[in-house]
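A.B. asks: First to last, the protein sequences are chains A and B.
Residue numbers for the first sequence follow the working numbering, so the first one is 765 and each next one is one higher.
Residue numbers for the second sequence follow the working numbering, so the first one is 765 and each next one is one higher.
Just so you know, the hints here were simulated from the structure itself, not pulled from any lab data.
Positions of the beta carbon are idealized from the N, C-alpha and C atoms, including for glycine.
Treat the hints with care, since some could be wrong.
In silico contact screen, one side only, chain B against chain A (beta carbon under 10 Å); selected entries [to be verified]:
1. R767
2. W846
3. N856
4. D881
5. T975
6. D979
7. P981
8. M1035
9. D1091
10. D1109
There are 2 protein chains.
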Amino acid sequence: MYRPPAEPGMPIDEIDTPALILDLDAFEANLDHMASAAKAAGVRVRPHAKTHKSPVVAHLQMARGAVGQCVQKVAEAEILAWGGVPDILVSNEVVSPAKLARLAALARIARVALCADHALGVDAIEAAAQDAGVRLPVLVEIDVGAARCGLVPGPEVLALARRIASSRHLSFGGLQAYQGRAQHQRTLDERTASIASAAEMTGRMVEDLRTIGLDCPIVGGAGTGTFALEAATGVFNELQVGSYVFMDADYGRNHPAPPFRQSLFVLSTVMSTPNAEVAVVDAGLKALAVDSGLPLVWQREGVTYAGASDEHGKLTLAPGSSPLKLDERVMLVPGHCDPTVDRYDWYVGVRNGRVECLWPISARGAMN
Amino acid sequence: MYRPPAEPGMPIDEIDTPALILDLDAFEANLDHMASAAKAAGVRVRPHAKTHKSPVVAHLQMARGAVGQCVQKVAEAEILAWGGVPDILVSNEVVSPAKLARLAALARIARVALCADHALGVDAIEAAAQDAGVRLPVLVEIDVGAARCGLVPGPEVLALARRIASSRHLSFGGLQAYQGRAQHQRTLDERTASIASAAEMTGRMVEDLRTIGLDCPIVGGAGTGTFALEAATGVFNELQVGSYVFMDADYGRNHPAPPFRQSLFVLSTVMSTPNAEVAVVDAGLKALAVDSGLPLVWQREGVTYAGASDEHGKLTLAPGSSPLKLDERVMLVPGHCDPTVDRYDWYVGVRNGRVECLWPISARGAMN
Chain A
765 MYRPPAEPGM
775 PIDEIDTPAL
785 ILDLDAFEAN
795 LDHMASAAKA
805 AGVRVRPHAK
815 THKSPVVAHL
825 QMARGAVGQC
835 VQKVAEAEIL
845 AWGGVPDILV
855 SNEVVSPAKL
865 ARLAALARIA
875 RVALCADHAL
885 GVDAIEAAAQ
895 DAGVRLPVLV
905 EIDVGAARCG
915 LVPGPEVLAL
925 ARRIASSRHL
935 SFGGLQAYQG
945 RAQHQRTLDE
955 RTASIASAAE
965 MTGRMVEDLR
975 TIGLDCPIVG
985 GAGTGTFALE
995 AATGVFNELQ
1005 VGSYVFMDAD
1015 YGRNHPAPPF
1025 RQSLFVLSTV
1035 MSTPNAEVAV
1045 VDAGLKALAV
1055 DSGLPLVWQR
1065 EGVTYAGASD
1075 EHGKLTLAPG
1085 SSPLKLDERV
1095 MLVPGHCDPT
1105 VDRYDWYVGV
1115 RNGRVECLWP
1125 ISARGAMN
Chain B
765 MYRPPAEPGM
775 PIDEIDTPAL
785 ILDLDAFEAN
795 LDHMASAAKA
805 AGVRVRPHAK
815 THKSPVVAHL
825 QMARGAVGQC
835 VQKVAEAEIL
845 AWGGVPDILV
855 SNEVVSPAKL
865 ARLAALARIA
875 RVALCADHAL
885 GVDAIEAAAQ
895 DAGVRLPVLV
905 EIDVGAARCG
915 LVPGPEVLAL
925 ARRIASSRHL
935 SFGGLQAYQG
945 RAQHQRTLDE
955 RTASIASAAE
965 MTGRMVEDLR
975 TIGLDCPIVG
985 GAGTGTFALE
995 AATGVFNELQ
1005 VGSYVFMDAD
1015 YGRNHPAPPF
1025 RQSLFVLSTV
1035 MSTPNAEVAV
1045 VDAGLKALAV
1055 DSGLPLVWQR
1065 EGVTYAGASD
1075 EHGKLTLAPG
1085 SSPLKLDERV
1095 MLVPGHCDPT
1105 VDRYDWYVGV
1115 RNGRVECLWP
1125 ISARGAMN
């Protein structure tokens, strides 16, 4: 973990750069908005810690009613459980015996559930749970259109659920039904159609499972781009939203954009001004994920982040825009929040122009 | 820093994934090849630590004759100096007083040089050197075609060099002339033309500086894609090569590819096999930089890394290729080595199918 780039009380311009900035007013507004929306819709929220990677953020979400956290990785589950999060769903398959042993060990200090999409996976989880003397809830992941992991809805799902339910150290935890592809479909019509189809498949599976005597404690899915749609279906009972706490440039390109404020920024510094049309900042592709597009420049008319190399970002200035000075700070909106957060050790929380807090990104790099 | 994914002696299949693997035979062959090539050409090597971010690798390079290291960031300079590297060039502009104070402080334990491309930058460096009571060599960065930082070769370069030489706590360190754009030009003709032009501009500046009484202790540039060209010009006296130690898929697309072996891999695990044509591994875009293209699958005929999401990699299997099994290991060649290394805390060094060593990636995330 690298040294923090700021101290509480410091004005923003004194923060060492690149730094990951959290606008606390916007962040808290986002937490509140999701909590109210879910309450109004009568569904639970189990936010995804793959976005924030921080027990601090997890506890703030749970203080507003979230029932626990989702993670994608065993290492993330460990860091949350060690940080006092009592209820964790690994919304992902875990198949390696060594990882399953770690997860089963965690079940002594937190409720830990995970997903499976293969009989061999279920058997491996059962073996690990037996070795550790714990009981693990296992959800069946179904493919509702994301075309990644998960079983195609149908008889195989019933068979796998039965296998889980009849495993001595497992309980059937429900269905994992995340439509990842729908999150960044640009129009509401596309997203509505995708989630309608996902909900129809999921709902039918819930019914089919009921007919063989298996209830679904969790029917989980949804993301920041579609949560209102899943919440309204009556099929999903848990929303696994992640990005809503921060937002990013790519979610901003949805129509309409999700009802959240941009709270996450990368603060950069102008380090070279080679000519009147160009300024170079100290945040390149090691500081900002570019997989979903380049970052946006925040509230600087006519200035565009035009290219990233490893440690440099090239800004272009439209004719007539006010020039950037050497050592000036520039705020950037990350193209994609989750992997950008994963580049930093610290959130620098700011309010009213000053640093209010530093929170460690404890699960940064926790990929194992 | 996250727990190491392996222990010395372990067979490769027991390494926890995703893990960053270093094939030690290939890596050492790369170190040796560069050392001989530079010796034969009569130029110094000052490898770039922005690639490897490790004092361990730096010392192995210096044991083979490298004169020191390049870095892009003050934090990288700190970690190398604290790790015993005695001669460090920040091949980049540093303009913020707080960063310059850190760099000047380092000059008590290592030789530390840096670059400037603006009079205000030179004045800020002079102020920091004066405050710390040290003397810092400063190179002028010139733009030889990369169109990023640096002055256009010409009278401004002479003026800035004079300003450095006449600053009481600075010495003129020479020219920084890196043609970054040429590194990944695909044909030898393109690269040859780019470096010929860069060398012509640089050589003329060296001459012009000599006429005003300023010698260039360092004339630095070159990268893994073009180092043989710069080495042959007689203009450059230091090669700032980085990627040659590891190589990556993007350098592999050059014609001809640089004369080095692929030594860097990401080891991943199959976590889902949804159908006969698809397998999903546990290494996605948090585990692998995708800015220069997707990773390649190593030595698995017919298997392609077709898509990355945050924590998942989707492999497609051509008809007739042998199926991938759940929990099977798959080696991936990163698309771009530098930012991929920056995702990991540990190199897992392997030889003859076993883990031989673990080296910390000490400057991982050292962006400040």
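A.B. asks: With reference to the structure, classify each hint as holding or not holding.
C.D. replies: Evaluation of the provided hints:
1. R767: 8 Å, holds
2. W846: 12 Å, violated
3. N856: 7 Å, holds
4. D881: Hint on D881 (chain B): holds, closest Cβ of chain A at ~6 Å, below 10 Å.
5. T975: Violated, because the Cβ-Cβ distance from T975 (chain B) to chain A comes to roughly 25 Å (cut-off 10 Å).
6. D979: 25 Å, violated
7. P981: 22 Å, violated
8. M1035: 5 Å, holds
9. D1091: 5 Å, holds
10. D1109: Nearest chain A Cβ about 6 Å off; hint holds.
Going down the numbered hints, you'll see the structure goes against 2, 5, 6 and 7, while the others check out.
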